[in-house]
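Chemist: Listed here are the chains, written in short residue letters.
There are 2 protein chains.
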Amino acid sequence: MKFCSHCGSDAVTFSIPEGDDRPRHLCGGCGAIHYINPRVIVGVLPYLGDRVLLCKRAIEPRLGLWTLPAGFMENGETSEEGALRESWEEARANIRVDDLYTVYDIPHINQVYLIYRGELTDTNFGAGPESLEVELFREEEIPWQEIAFPIMSETLTHYFSDRREGSYPLHRGVITRKL
Amino acid sequence: MKFCSHCGSDAVTFSIPEGDDRPRHLCGGCGAIHYINPRVIVGVLPYLGDRVLLCKRAIEPRLGLWTLPAGFMENGETSEEGALRESWEEARANIRVDDLYTVYDIPHINQVYLIYRGELTDTNFGAGPESLEVELFREEEIPWQEIAFPIMSETLTHYFSDRREGSYPLHRGVITRKL
Numbered sequence: 001m002k003f004c005s006h007c008g009s010d011a012v013t014f015s016i017p018e019g020d021d022r023p024r025h026l027c028g029g030c031g032a033i034h035y036i037n038p039r040v041i042v043g044v045l046p047y048l049g050d051r052v053l054l055c056k057r058a059i060e061p062r063l064g065l066w067t068l069p070a071g072f073m074e075n076g077e078t079s080e081e082g083a084l085r086e087s088w089e090e091a092r093a094n095i096r097v098d099d100l101y102t103v104y105d106i107p108h109i110n111q112v113y114l115i116y117r118g119e120l121t122d123t124n125f126g127a128g129p130e131s132l133e134v135e136l137f138r139e140e141e142i143p144w145q146e147i148a149f150p151i152m153s154e155t156l157t158h159y160f161s162d163r164r165e166g167s168y169p170l171h172r173g174v175i176t177r178k179l
Numbered sequence: 001m002k003f004c005s006h007c008g009s010d011a012v013t014f015s016i017p018e019g020d021d022r023p024r025h026l027c028g029g030c031g032a033i034h035y036i037n038p039r040v041i042v043g044v045l046p047y048l049g050d051r052v053l054l055c056k057r058a059i060e061p062r063l064g065l066w067t068l069p070a071g072f073m074e075n076g077e078t079s080e081e082g083a084l085r086e087s088w089e090e091a092r093a094n095i096r097v098d099d100l101y102t103v104y105d106i107p108h109i110n111q112v113y114l115i116y117r118g119e120l121t122d123t124n125f126g127a128g129p130e131s132l133e134v135e136l137f138r139e140e141e142i143p144w145q146e147i148a149f150p151i152m153s154e155t156l157t158h159y160f161s162d163r164r165e166g167s168y169p170l171h172r173g174v175i176t177r178k179l
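These protein sequences, in sequence, are chains A and B. The first sequence begins at 1 in my numbering and counts up by one. The second sequence begins at 1 in my numbering and counts up by one.
Be careful, since some hints might not be right.
Simulated pairs of lysine to any residue, SDA-like, Cα-Cα distance not exceeding 25 Å [unchecked claim]:
#: 1; chain 1: A; residue 1: 2; chain 2: B; residue 2: 126
#: 2; chain 1: B; residue 1: 2; chain 2: A; residue 2: 174
#: 3; chain 1: B; residue 1: 2; chain 2: A; residue 2: 35
#: 4; chain 1: B; residue 1: 2; chain 2: A; residue 2: 30
#: 5; chain 1: A; residue 1: 2; chain 2: B; residue 2: 11
#: 6; chain 1: B; residue 1: 2; chain 2: A; residue 2: 8
#: 7; chain 1: B; residue 1: 2; chain 2: A; residue 2: 7
#: 8; chain 1: B; residue 1: 2; chain 2: A; residue 2: 14
#: 9; chain 1: A; residue 1: 2; chain 2: B; residue 2: 10
#: 10; chain 1: B; residue 1: 2; chain 2: A; residue 2: 74
#: 11; chain 1: A; residue 1: 2; chain 2: B; residue 2: 28
#: 12; chain 1: A; residue 1: 2; chain 2: B; residue 2: 3
#: 13; chain 1: A; residue 1: 2; chain 2: B; residue 2: 74
#: 14; chain 1: A; residue 1: 2; chain 2: B; residue 2: 34
#: 15; chain 1: A; residue 1: 2; chain 2: B; residue 2: 29
#: 16; chain 1: A; residue 1: 2; chain 2: B; residue 2: 7
#: 17; chain 1: B; residue 1: 2; chain 2: A; residue 2: 108
Here are the simulated distance ranges between beta carbons [as the list claims (entries may be wrong)]:
#: 18; chain 1: A; residue 1: 20; chain 2: B; residue 2: 2; range: 19 to 29 Å
#: 19; chain 1: B; residue 1: 127; chain 2: A; residue 2: 143; range: 48 to 58 Å
#: 20; chain 1: A; residue 1: 72; chain 2: B; residue 2: 145; range: 47 to 57 Å
#: 21; chain 1: B; residue 1: 163; chain 2: A; residue 2: 19; range: 31 to 41 Å
#: 22; chain 1: B; residue 1: 141; chain 2: A; residue 2: 19; range: 24 to 34 Å
#: 23; chain 1: B; residue 1: 63; chain 2: A; residue 2: 165; range: 46 to 56 Å
#: 24; chain 1: B; residue 1: 160; chain 2: A; residue 2: 168; range: 19 to 29 Å
#: 25; chain 1: A; residue 1: 121; chain 2: B; residue 2: 51; range: 37 to 47 Å
#: 26; chain 1: A; residue 1: 48; chain 2: B; residue 2: 59; range: 46 to 56 Å
#: 27; chain 1: B; residue 1: 163; chain 2: A; residue 2: 48; range: 37 to 47 Å
#: 28; chain 1: A; residue 1: 34; chain 2: B; residue 2: 48; range: 35 to 45 Å
#: 29; chain 1: B; residue 1: 109; chain 2: A; residue 2: 34; range: 36 to 46 Å
#: 30; chain 1: B; residue 1: 2; chain 2: A; residue 2: 164; range: 52 to 62 Å
These aren't lab readings, by the way, just hints derived from the structure by calculation. Don't be surprised by glycine CBs; every beta carbon is placed ideally from N, CA and C.
Kindly produce the complete structure, drawing on both the sequences and the hints.
Modeler: Here's what the structure looks like:
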């Protein structure tokens, strides 16, 4: 942040406001404090029988790699609504949500993932503008070396393991920066 | 947002960028799109035996009403770390977290709540700067008419019900604007 979005001043510093304990974008002109907080990524693990739907990314980052449909939660929606919206946008997928499935923190990039689990209600899915391809994969067909994000690999691993057990508890985790 | 935080221009409109489907704060000067997304509130339901710890708010909104310790998640922390940080800041409470307990969406104010459940490890709690008082309450002592936020009433109701059952599954919910 170079300029204050309230008053337009260029006197914005990254310093600790009085009474606070960490630096914020602080305007020396009007005194406004601009808070920046983590963002929520919402998505779905869509399944049909023994297969899971993945999207091949048409955009950076990780263009050409596979992921579960997910994206930034928008204002005015619930996390479940956002997850279904992303599934439609990226995979044209119609889904009946079962439950919240994984909650992951990724603190080094200030993100919280909420991934739901849901059954495809039909097979009329297809690539949205942010996907190159959308396909159903059995466990042994998953392109593990071409999964875009660790959170998605972990969610898929939990799913196939839980499927064998016949029970789908909520899983929590933290993705840390690789050294 | 009146001024662009990238270039300082006052030509910021709230309009739909090309290729998008909803209005954003869009700078007519440099072309920057300023996304605003929901924020995450993290907190804890701290218990000890058959009692739950509540904080009487020293700040607006809802000054003088009771709540579970909670606040905005900060960049660089996990949701569990944030929940413990808020418990310390508001109630000087030391807690051993059991698990994530409630996930609530409040879409009309663009918030997602993640409330953990955890046992107090000692009774050395006390009011932090944002609390007037901090107290332990048995179920029959809870000031139900003086709870600051509906999400907190719902979380407390789930807790005492689950305590009778001896099992604490994750609860999800949506708080909608009262008509």
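Chemist: Give a verdict on every hint.
Modeler: Verification of the hints:
no. : hint                        : verdict
1   : 2(A) / 126(B)               : 40 Å, violated
2   : 2(B) / 174(A)               : 37 Å, violated
3   : 2(B) / 35(A)                : 16 Å, holds
4   : 2(B) / 30(A)                : 13 Å, holds
5   : 2(A) / 11(B)                : 16 Å, holds
6   : 2(B) / 8(A)                 : 8 Å, holds
7   : 2(B) / 7(A)                 : 7 Å, holds
8   : 2(B) / 14(A)                : 20 Å, holds
9   : 2(A) / 10(B)                : 14 Å, holds
10  : 2(B) / 74(A)                : 21 Å, holds
11  : 2(A) / 28(B)                : 17 Å, holds
12  : 2(A) / 3(B)                 : 11 Å, holds
13  : 2(A) / 74(B)                : 21 Å, holds
14  : 2(A) / 34(B)                : 13 Å, holds
15  : 2(A) / 29(B)                : 14 Å, holds
16  : 2(A) / 7(B)                 : 7 Å, holds
17  : 2(B) / 108(A)               : 30 Å, violated
18  : 20(A) / 2(B): 19 to 29 Å    : 24 Å, holds
19  : 127(B) / 143(A): 48 to 58 Å : 54 Å, holds
20  : 72(A) / 145(B): 47 to 57 Å  : 38 Å, violated
21  : 163(B) / 19(A): 31 to 41 Å  : 37 Å, holds
22  : 141(B) / 19(A): 24 to 34 Å  : 33 Å, holds
23  : 63(B) / 165(A): 46 to 56 Å  : 48 Å, holds
24  : 160(B) / 168(A): 19 to 29 Å : 27 Å, holds
25  : 121(A) / 51(B): 37 to 47 Å  : 46 Å, holds
26  : 48(A) / 59(B): 46 to 56 Å   : 49 Å, holds
27  : 163(B) / 48(A): 37 to 47 Å  : 39 Å, holds
28  : 34(A) / 48(B): 35 to 45 Å   : 39 Å, holds
29  : 109(B) / 34(A): 36 to 46 Å  : 19 Å, violated
30  : 2(B) / 164(A): 52 to 62 Å   : 56 Å, holds
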